[in-house]
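Could you put together the complete structure from these sequences and hints?
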Amino acid sequence: MPYRALLVAVLVVLASAPAFADARSDARKQVEFGILVAQKGLWREAIYRWERATQLDPTYAAAHNNLAVAYEHEGDLEKARGAYEKAIELEPGNAQIKQNYELFREINDRTTRKDSQ
Amino acid sequence: MTVRLARILSSVAAVLLTAACATTYEIPIETPIRPTLDVSAFQRVLVAGFVAGGSEDVDGNLETTRLLRSQLRNKSALRVIDADALPLMSVATEGRGEAPPVKEEKDLDAYSNVFANVEYWKRIGEEYQQPLIVTGTVLFVPQQRNSIVQREEEVYDSFGRRRVVPVRTYMERKGFMLSPRFIFIDGRTGTVMHSTTAREEILYNANQATPALSSYFELMDRVLPTFLSTLSSQKIKGTRVLLQ
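Going down the list, the sequences are from chains A and B.
According to the working numbering, the stretch in the first sequence is residues 79 to 195, in order.
According to the working numbering, the stretch in the second sequence is residues 405 to 648, in order.
You may find that some hints are simply not true.
Taking beta-carbon pairs under 10 Å as the criterion, some of the chain A residues facing chain B (in silico) [claimed, not checked]:
(1) I113
(2) A116
(3) V147
(4) A148
(5) G153
(6) L181
None of these hints come from the bench; they were simulated from the model.
The C-beta atom is built at its ideal place from N, Cα and C for all residues, glycine as well.
Next up, the structure:
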């Protein structure tokens, strides 16, 4: 009996794999196009593409990372922080995301450090 | 059933393969930084002067006033008012005899009251048609420290091969510490809007004779971005990695 339940669970997971692969594949196309336009300086279009990618596949860490970079470039530091944190949450071991985040924090800390009266 | 299983497995393999072959692209970015202070209500800025002390080789009041004015002329939209730097130390100690010299940080306390003198700044504001007023304190102090430093030294082995090795030596080092506090006052009300502090230090080998003024400018160069980012937007250049 426990074997049957395990088998059902495995089959459910495997059955959902094609859908996951499709979502990732669509998201990947958006990410690729986003990179292409960002390299041409079209950051708003890149943001649109990467936002779309994160909607298609919310577990796609690279899309969140790229989105964070684009937000940073646009000066939207709050959104950039959120996107970096999501990317790190999804892929805590990714050194490149961590490096981007460290560089971002250096700038962000500089802008938020004030001793106003 | 077998065909379906094969399709599922190939999909999973495709996902794993995609994840394994992540490509990266380094891309330059420019992060725009909004000014810390909203100065849209002002058209003009008066760098009024500073309570300064430390090294006698540099007049911290005059040099800082001159430098900030020239920076603001080039890097801010505000019109810079040309006027003599105010003798703030005398203003702060008016009626209390001669102004005590500022040698170290705690000596500045005797002058802190001048920045809170709303009536005084309001009067200055009226005199210059209610500009944004920049003032504060500047401490530029000689430093001397003996410490272990690491430097590289060339060594040759018995075969005449050259190598560069790190050598740790105990050295006497001399230099300066710059600690400015920039205070931004609303010329319409005489009240402090914002203040920001910085601290920078530079040390040289004891046998290296570097003029105090040149060290002052070197240290101010490090502090200026913080000062300017308070008043005007800046763009910080860098590179990030895009992932596929």
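Verification of the supplied hints:
Satisfaction of the interface hint for I113 of chain A is found here, the shortest Cβ-Cβ separation to chain B being roughly 5 Å, below the 10 Å cut-off. The beta carbon of A116 of chain A is positioned within 10 Å of a beta carbon in chain B (closest approach about 6 Å), and the interface hint is therefore held. A cut of 10 Å between beta carbons decides the hint on V147 of chain A: the least distance to chain B is about 4 Å, and the hint holds. Interface restraint check for A148 of chain A: the shortest CB-CB distance to chain B comes to about 9 Å, inside 10 Å, so the restraint holds.
With a least beta-carbon distance of about 4 Å to chain B, the hint placing G153 of chain A at the interface is held under the 10 Å criterion. Hint status for L181 of chain A relative to chain B: holds, with the closest Cβ pair at about 6 Å, below 10 Å.
Violation of the numbered hints given earlier is absent; every hint is satisfied by the structure.
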